[in-house]
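Colleague: What follows is each chain in one-letter form.
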Amino acid sequence: MTLLNSKICILGDFAVGKTSTVERFVNNHFSDKYLTTIGVKVDTKEIQLTEYVKLKLIIWDIAGTDRFGPVELAYLRGASGYILVADGTRAKTVAAALDLKSQAEERYGELPYVFLLNKSDLQHSWDVSDQRLDELSQSLTNVFVTSAKSGDKVDEAISTLGEMIADRESQ
Amino acid sequence: MNDLEELKSLLFGAEKQALDSITERVQKPETRSADVADILPEAIRRSHQQGRELVASLREPVGECLTESIHEAPQAYADALYPVMGPAIRKSIIHALRGFAQQINETVEQSFTVRGLKWRFEAWRAGVPFGDYVLQQTLLYRIEQAYLISRENGLLVGHVHHDASRIKDSDAVSAMFTAIQDFVKESFSPDRSGRLETADMGDFTLWAVHGPHALLVCVIRGVPPRSLRSDLSAILERIHFRYGEKIRLYSGDTASVKGVEDELLECLKFQDVQPKKKKSRISAALLITLLVLAAALLYFGVNSWLGVQQHRALSAVIDATPGLYIVDIKRDGGEYTLHGLRDPLAATIDDIAASAGIESTQVTASLRPYQSLDPEIVIRRTRQLLDAPSTVTIVPADDGLIISGMATQAWIDNVRGKLAAGSFGMPVILDDVASTDMTQLQANVSEINNVNFFFENESTLFSEDEVKLREHASSIRSLVRSAERLDAAIAIDVAGYTDSAGSVEFNTNLANLRSEAAIRILVNAGIDDELISRSHVVPTGEFGTPDPTLRKIVVQLTLGAPEYPTFTVPE
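Chains X and P, in that order, are what the protein sequence lines are. If you number the first sequence the way the numbering used here does, the last residue is 388 and the count never jumps. If you number the second sequence the way the numbering used here does, the last residue is 602 and the count never jumps.
Simulated from the structure, these hints should not be mistaken for lab results. Please note: incorrect hints may appear among the correct ones.
Claimed, not checked - SDA-like cross-link-like pairs, simulated, lysine to any residue; straight-line CA separation at most 25 Å:
hint	chain 1	residue 1	chain 2	residue 2
1	P	K199	X	A280
2	P	K277	X	E386
3	P	K277	X	E380
4	X	K250	P	L237
5	X	K262	P	H192
6	X	K250	P	E228
7	P	K289	X	V288
8	P	K199	X	F242
9	X	K271	P	E228
10	P	K199	X	T219
11	X	K262	P	R182
12	P	K216	X	M218
13	X	K262	P	F214
14	P	K289	X	A280
15	P	K277	X	T282
16	P	K289	X	E380
17	X	K262	P	K289
18	X	K271	P	R182
19	P	K277	X	G326
20	X	K271	P	H190
21	X	K262	P	V291
22	X	K250	P	N184
23	X	K262	P	A286
24	X	K250	P	A230
25	P	K199	X	Q265
26	P	K289	X	M218
27	X	K250	P	K277
28	P	K199	X	N244
29	P	K277	X	F242
30	P	K289	X	Q265
31	P	K216	X	V288
32	X	K318	P	F214
33	X	K318	P	I211
34	X	K262	P	K199
35	P	K289	X	F242
36	P	K277	X	Q388
Predicted model only: the values in this text are computed from it and were never measured.
Full structure from sequences and hints, please.
Modeller: Next up, the structure:
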């Protein structure tokens, strides 16, 4: 059995559902108060990639912001990938997520990522048009419309990121 | 080629070729540098052997060269020097610590506290310098966990811990520590050069030792000595020496750093718990001696206490035993010797020992016989003297005895005889003793008392009543003899009865006739006439009708109590 460890970060604007997204499937070790004090909270999640390979994701849940400061940027150091989260009921959070992606790439280069358009359970107040969603799907590699509340597509998105990281590491 | 050239060629051809070759080598920098490179090491060595001129010549340019290089690539030099600098710095620190310990030594040497003197003794016993011992005593600690964390990405490279330690997900702890470290560095260190090196949490201290590619974080229980940090640095240096490059490139594949945890285990060996062991070893012999002494004292104490209790019990039993007068009790260990007087009727020494809970073999007695006047012994003696049956009770009264109960007439007579002979020397009241013979006689008398005998006519008994009267007379005679043997007497009254037919006078005569007829039969049967009295029962009212049931006589017997002479005690 091969055990791989990878650091990933979960990024996005305020209240887009980052913490809710990871809380559904991770092992909680620390209080959420760390998010408001030092701006990050670490959880872990193990994924069985193949019969013989297990990947342990060390997930840094970074406090919501539309622009990284030096502290948040420092948290991204050494990450193998990241999860971008935007709120489907607030279109401006999509732009914020893309902005954060640019900042991260500018500092640490290109890394595997998945883009989660969250809150699919709130269709009545959905704010991202189909056209915008198509544009996103074409410009970004992996876009998932998820619901942290129901768990829809969350596992799939995280597993996809895990596989991308493993592929990259094996190259 | 002209003639001159040709001549030169003929005369100096070989030399010219050599000269050209030399010229070419001198003029070409490549060949010249290759030549110098060949001879430079040897040249430097020879020059250095000849004197310090070469060193003096090189000092300035080499110094400038190093300075410039360090300015341009400081990290490379720092990384290269890390394994060298650690031991050098540590050596310096040890030197300083030794001086510090010596200073403590001198300070405590001048103090005469109990603890100071005790530590000095312990240090002397253990054969260590006093200063070291003081440090050892004051610094107790243990490393509970050690994390080796990649500086690049915060991933956990290795983690070791004691079994008893409570462990959260070590990967999460490692990442969170890195996050906090980054937070502190970014928030409070403007030039980002600051490092989080120590954190205190209750009983635990957290120490972080930083290396070029990894940091070693140790969770320490208690108060670690400052020297521990240099020990941990040495371990981190060794890890960098062996795994430095692998750690630098570590991206989460645990197989790539296999073996690093074996190195980390060295951290867990740092602990200081020896003083307690030493303390217990020192006191073991003393403890055993004290226990033996305590056991011996307890044994003798209990034995002594038991002896005293036994002595008291024996004295109490002796005091409560009538007829025994002990003047001296001697105790020798568990053996007792008694001296005094004993009435032969008193309890035996074996009985006394048993009552006191002592083996009879433990008690020997040297006793002279005497006659006790203890009431109980007097009673016992009287009972023995009189051979008193168990139905008789003897109790003391004033200065004499009262005998009560039941006994045979023979026994009573015997006692009376002895009383008359003055055998007791004290008043004895015997009146309360009932004679079992008299009781039986009374019962026999009652059985045949008041029997009626009926008459056929005026003075002739029915023939069957006459036969019955003769038999009755025989029984009476037997009872009279028994009474005589008991010094008692039976009075016989024969009463004549008539009915109310006829006058009183007539009837009185008739009644007398009837009683006389019966008395004759009794006297003829051998009963002394003097014992017999006569009476009549005659109706006194008006004449009545004849009644055959009243034509009778009744024989009434009365047993008189025996009469004894009274005895007085001779003065």
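Colleague: Run through the hints listed earlier and report the numbers of any the structure violates, in increasing order.
Modeller: Hints 7, 9, 12, 14, 15, 27, 29, 35 contradicted; others consistent.
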